[in-house]
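K.L.:
Sequence:
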Amino acid sequence: MRNSYEPPMHWNDHEDIAMALYEKFGDEFDESKIYRIRFTDLLEWVLSLDNFEGKREQANEGHLEQIQAKWVYEWRDNQ
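Note that this note's numbering has the sequence shown beginning at 7, numbered continuously upward.
These are calculated hints, taken from the structure and not from any lab test.
No residue lacks a Cβ here, since even glycine has one placed at the ideal position from N, Cα and C.
Hints may be right or wrong, so weigh each one.
[Claimed, not checked] Each pair of labels, with its calculated beta carbon distance range: (1) E59 x Q85: 24 to 32 Å; (2) R42 x N84: 18 to 26 Å; (3) D47 x N18: 30 to 38 Å; (4) E34 x D56: 15 to 23 Å; (5) K39 x Y11: 27 to 35 Å; (6) Y11 x E67: 28 to 36 Å.
Turn these sequences into a full structure, and let the hints guide you.
P.N.:
In structure tokens, the structure reads:
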């Protein structure tokens, strides 16, 4: 169910996606675990975010790498 108060996210919204993943998973994933996430899993998690409107076929490795890196920064900021 989409949250109408939040703008929709697309593949180039790396930081917003990373923040949403951190909110979803919290400290379940630390830096080393984030970097070991398979891109196939990361792709599914991004697609399942409430406000995410990007399409599977628009994903690429560069987007997933950026999301992973921003997720690590988000995790570090909250430690």
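K.L.:
It remains to establish, for every hint, whether it holds in the given structure.
P.N.:
Against the structure, the hints:
1. Restraint check, E59 to Q85: a C-beta distance of roughly 30 Å satisfies the suggested window 24 to 32 Å.
2. The hinted range of 18 to 26 Å is satisfied by R42 and N84, whose Cβ atoms lie roughly 19 Å apart.
3. Checked against the given bound of 30 to 38 Å, the beta carbons of D47 and N18, roughly 21 Å apart, lie outside it.
4. The given range of 15 to 23 Å is respected by E34 and D56, whose C-beta atoms sit roughly 18 Å from each other.
5. Between K39 and Y11 the C-beta distance comes to about 30 Å, which sits within the given range of 27 to 35 Å.
6. Checking the proposed 28 to 36 Å range against Y11 and E67 shows it holds: the Cβ atoms sit about 32 Å from each other.
In summary, the one numbered hint that this structure violates is 3.
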